[in-house]
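K.L.:
Start from the sequences and build out the full structure, keeping to the hints where you can.
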Amino acid sequence: MKLTDAARSAPVRYAVVLAALSAVAMGTLLLVIFWWTTSLLERHMEEVINQQLSILKDDLAQDGLDSMLDLVRQHAKNQNRVHILVLDSQQNFLAGDLPLIVASEGWQDIILPSLPDDTNHRPLHLRGLGTQLDDGLFILVTQDTNDLHQARRLLVLSFGITLAVTIALMLFGGLAIAVVLLRRVDDVNNTARAIMDGDLSQRIQLVGPRDELGGLAVNLNRMLSRIDELMQNLRHVTSNIAHDLRSPLSRHRQRLESARMKPRSNDEYEAAIDTAIEDTDTILKIFEAMLRIAQIEGGTPRERFTTTNLSKIAENVVDAFAAVAEDKGKSLKENIQPNILIRGDSELITQMLANLVENSLRHTPVGTNVELRIHSSLNKILITLTDDGPGIPQEEREKVFQHFYRGDTSRSTQGNGIGLSFVAAVVKLHDASISLEDNSPGLRVVIESPCI
Amino acid sequence: MKILVIEDDAETAAFLANGLNEHGHTVDLSATGRDGLFLSTSEQYDMLIVDRMLPELDGLSIVRTIRSSGVITPVLFLTALGGVDDRVAGLDSGADDYLVKPFAFSELVARINALARRPPIDSVESVLRVGNMEMDLLKRTVTRGGLSIILQPREFRLLEYLMRHSGEIVTRTMLLEHVWDFHFDPRTNVVETHVSRLRKKVDKPFDYSIIHTVRGAGYSIHE
Numbered sequence: 001m002k003l004t005d006a007a008r009s010a011p012v013r014y015a016v017v018l019a020a021l022s023a024v025a026m027g028t029l030l031l032v033i034f035w036w037t038t039s040l041l042e043r044h045m046e047e048v049i050n051q052q053l054s055i056l057k058d059d060l061a062q063d064g065l066d067s068m069l070d071l072v073r074q075h076a077k078n079q080n081r082v083h084i085l086v087l088d089s090q091q092n093f094l095a096g097d098l099p100l101i102v103a104s105e106g107w108q109d110i111i112l113p114s115l116p117d118d119t120n121h122r123p124l125h126l127r128g129l130g131t132q133l134d135d136g137l138f139i140l141v142t143q144d145t146n147d148l149h150q151a152r153r154l155l156v157l158s159f160g161i162t163l164a165v166t167i168a169l170m171l172f173g174g175l176a177i178a179v180v181l182l183r184r185v186d187d188v189n190n191t192a193r194a195i196m197d198g199d200l201s202q203r204i205q206l207v208g209p210r211d212e213l214g215g216l217a218v219n220l221n222r223m224l225s226r227i228d229e230l231m232q233n234l235r236h237v238t239s240n241i242a243h244d245l246r247s248p249l250s251r252h253r254q255r256l257e258s259a260r261m262k263p264r265s266n267d268e269y270e271a272a273i274d275t276a277i278e279d280t281d282t283i284l285k286i287f288e289a290m291l292r293i294a295q296i297e298g299g300t301p302r303e304r305f306t307t308t309n310l311s312k313i314a315e316n317v318v319d320a321f322a323a324v325a326e327d328k329g330k331s332l333k334e335n336i337q338p339n340i341l342i343r344g345d346s347e348l349i350t351q352m353l354a355n356l357v358e359n360s361l362r363h364t365p366v367g368t369n370v371e372l373r374i375h376s377s378l379n380k381i382l383i384t385l386t387d388d389g390p391g392i393p394q395e396e397r398e399k400v401f402q403h404f405y406r407g408d409t410s411r412s413t414q415g416n417g418i419g420l421s422f423v424a425a426v427v428k429l430h431d432a433s434i435s436l437e438d439n440s441p442g443l444r445v446v447i448e449s450p451c452i
Numbered sequence: 001m002k003i004l005v006i007e008d009d010a011e012t013a014a015f016l017a018n019g020l021n022e023h024g025h026t027v028d029l030s031a032t033g034r035d036g037l038f039l040s041t042s043e044q045y046d047m048l049i050v051d052r053m054l055p056e057l058d059g060l061s062i063v064r065t066i067r068s069s070g071v072i073t074p075v076l077f078l079t080a081l082g083g084v085d086d087r088v089a090g091l092d093s094g095a096d097d098y099l100v101k102p103f104a105f106s107e108l109v110a111r112i113n114a115l116a117r118r119p120p121i122d123s124v125e126s127v128l129r130v131g132n133m134e135m136d137l138l139k140r141t142v143t144r145g146g147l148s149i150i151l152q153p154r155e156f157r158l159l160e161y162l163m164r165h166s167g168e169i170v171t172r173t174m175l176l177e178h179v180w181d182f183h184f185d186p187r188t189n190v191v192e193t194h195v196s197r198l199r200k201k202v203d204k205p206f207d208y209s210i211i212h213t214v215r216g217a218g219y220s221i222h223e
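As they're listed, the protein sequences go chains A and B. Everything in the first sequence is counted per the numbering used here, starting at 1 for the first residue and increasing by one. Everything in the second sequence is counted per the numbering used here, starting at 1 for the first residue and increasing by one.
By construction, these hints were calculated from the structure, which means they are not laboratory data. A quick note: this is a predicted structure, and the numbers were derived from the prediction, not measured. A few of these clues could be false.
[To be verified] Simulated pairs of lysine-lysine, BS3-like, Cα-Cα distance not exceeding 30 Å:
1) Lys200/B - Lys312/A
2) Lys204/B - Lys333/A
3) Lys262/A - Lys333/A
4) Lys57/A - Lys77/A
5) Lys201/B - Lys139/B
6) Lys333/A - Lys101/B
[As the list claims (entries may be wrong)] From chain B, some residues computed to sit far from chain A (all C-beta separations above 12 Å):
7) Met1
8) Gly24
9) Thr26
10) Tyr45
11) Ile66
12) Leu176
C-beta: ideal position from N, C-alpha, C; glycine also.
P.N.:
Here it is in structure tokens:
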């Protein structure tokens with residue numbers, strides 16, 4: 001992945017935004033902690049100063065000035081963080097370990113170059129409280145704030161490190177997630193590219209957990225299968241159209257040519273023309289059938305669907321074809337539960353049932369018994385057409401629904417192989433399903449439709 | 001008959017005009033929807049043959065307009081739009097029949113004749129007669145030469161349709177549509193089978209036939 005790609009990639013951007021957001025959150029948290037800690041330390045320091053001051057004031061009140069000054073001098077000898085300065089009413093030094101400085105009443109911050117007895121000459125940061133007593137006495141109690149500053153510095157440092165680590169972790173984590181996601185998306189992209197290059201058999205490899213991306217891959221694969229199927233169907237149909245139309249067309253041409261070869265009588269010409277018209281009609285019929293299937297597969301408007309009496313339609317079809325069957329030395333019987341209602345297109349359903357019945361009448365030998373059964377159960381309607389003819393071999397059953405498919409055995413018989421693909425298209429339009437089963441002996445076509 | 005053909009394809013229009021002239025009809029042609037609408041409302045015709053896809057104004061609109069202005073001239077749509085819903089839309093607009101291109105001329109002529117001779121109100125007749133055969137539509141009985149003929153309901157409907165169009169040619173497609181409500185062409189000979197069964201009952205026991213086969217066109221019932 002190149003850097004420019006990274007900037008454009010959605011997961012990377014999300015990772016960066018997330019890292020920024022968590023950095024802001026972390027920073028706010030650290031600021032609050034910092035503020036609480038330092039203000040706590042400052043309050044504690046001020047308490048110590050107040051305490052010292054009240055000790056001095058108590059001593060002054062109880063034992064007098066000298067005692068208090070002793071206390072101050074004694075305190076000054078001990079190395080500690082509290083430094084005191086006591087001045088008289090004329091601003092003269094009385095006692096303490098601070099140099100004579102201008103100090104005022106109240107809280108103040110003082111910076112000294114160094115303490116008088118300090119050999120290290122390190123600058124001193126002090127926080128102090130100056131108090132003017134009634135008798136002109138001025139007491140300044142201060143505390144070294146170096147510790148406080150140190151604590152602050154440490155806090156800032158540790159917070160900085162924490163923040164940096166957080167941002168780094170968020171960025172790395174985010175980028176790692178982004179890379180994993182991108183790799184999976186790349187798989188999809190690569191497959192898509194391969195397909196665009198013409199290899200429709202490619203499928204997206206399902207790696208990783210069955211999450212949303214997995215689901216997406218599954219659906220894309222399904223879509224690809226459907227497209228592949230349609231493409232193959234289209235190729236199949238195109239080549240079959242070429243084949244199936246070429247033979248009647250060339251026959252047509254031959255007949256016209258031979259009629260033209262030598263002078264003939266009017267009757268002969270008339271007969272030749274009649275044959276030519278018949279040939280043309282056959283070709284047109286094939287076209288029309290294909291057009292109809294295309295229309296249905298393209299989604300004939302379902303607003304034409306009405307509540308239709310399936311039983312009546314089926315009875316009508318059986319009534320129409322029973323005589324045809326009888327003439328062919330076969331029998332067509334019905335076993336139809338009356339008044340089964342279905343939501344659909346009555347014309348298409350009529351033609352579908354007619355196609356099914358005609359199909360079994362055409363492709364079975366003399367003596368075959370065909371039966372159309374229609375029954376409804378709780379939640380489905382079953383249309384079953386059975387015959388006791390030779391049946392269709394297992395491996396051919398799926399193929400018969402394809403456009404133009406004709407079993408090897410039926411190649412010789414008349415027909416254009418369109419009937420069953422019409423049936424399949426109508427079944428699909430009505431959200432029903434169709435299957436071919438072994439009737440042992442014979443074939444059983446089962447259409448299962450949901451009840452309305 | 002005076003027939004108006006509204007058809008924009010010049011070759012089809014000429015084919016129709018020639019063919020209909022040969023059958024003894026007078027034909028006016030108009031090549032656009034607007035002209036067609038104008039002619040059909042200003043002149044008196046016995047029949048309109050209308051294409052659906054026309055320049056300026058489509059066939060459906062023409063038929064809707066003339067029907068709403070009270071013109072009851074029979075209208076036949078002759079169109080390449082052969083989808084299931086196209087025919088329904090055509091008939092809904094007020095047309096009387098619908099024929100899909102490409103068509104056989106004999107089919108067109110048969111349909112024109114059927115439309116032209118259609119009695120104004122079908123239910124007026126209660127007895128149909130052809131020669132010595134009589135069909136009582138109320139009692140649902142058929143007799144020929146005084147002998148009663150027992151028919152299945154479907155055979156009765158088939159014979160009724162033929163008799164209503166006695167003397168005319170009735171095509172296979174017309175029978176499929178009106179007797180079986182089949183709006184497609186079956187690959188088996190449904191019509192032939194049923195007509196032959198009907199003949200066994202109606203013609204065979206008698207000394208002459210009244211159901212005739214018209215080669216390349218259909219059937220006709222007459223004495």
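K.L.:
Are the Cα atoms of Lys333/A and Lys101/B separated by 30 Å or less?
P.N.:
It is violated: about 36 Å lies between the C-alpha atoms, which goes past 30 Å.
K.L.:
Beyond 12 Å from every chain A Cβ: check whether that's true for Thr26/B.
P.N.:
27 Å, holds
K.L.:
Checking the smallest CB distance to chain A, is Leu176/B really beyond 12 Å?
P.N.:
9 Å, violated
K.L.:
Against the 30 Å threshold, does the CA-CA distance of Lys57/A and Lys77/A hold or violate the hint?
P.N.:
Given pair Lys57/A, Lys77/A holds - Cα atoms ~20 Å apart, limit 30 Å.
K.L.:
For the pair supplied as a hint, Lys262/A and Lys333/A, confirm whether the alpha-carbon distance does not exceed 30 Å.
P.N.:
52 Å, violated
K.L.:
Starting from Lys201/B, check that the Cα of Lys139/B is at most 30 Å away, please.
P.N.:
19 Å, holds
K.L.:
Within a Cα-Cα threshold of 30 Å, do Lys204/B and Lys333/A meet the stated pairing?
P.N.:
28 Å, holds
K.L.:
So if I understand the rule, the pair passes when the alpha-carbon distance is 30 Å or less; does Lys200/B with Lys312/A pass?
P.N.:
The given pair, whose Cα atoms are some 27 Å apart, holds under the 30 Å limit.
K.L.:
Taking the closest pair, is the beta carbon of Ile66/B still more than 12 Å from chain A?
P.N.:
26 Å, holds
K.L.:
Over 12 Å from every CB of chain A: does Met1/B meet that, or does the non-interface label fail?
P.N.:
25 Å, holds
K.L.:
When you look at the beta carbon of Gly24/B, is every beta carbon of chain A farther off than 12 Å?
P.N.:
22 Å, holds
K.L.:
Non-interface claim for Tyr45/B: all C-beta distances to chain A beyond 12 Å?
P.N.:
Correct as stated: the minimum Cβ-Cβ distance to chain A is 30 Å, above 12 Å.
Of the hints listed earlier, those the structure fails to meet are numbers 3, 6, 12, in rising order.
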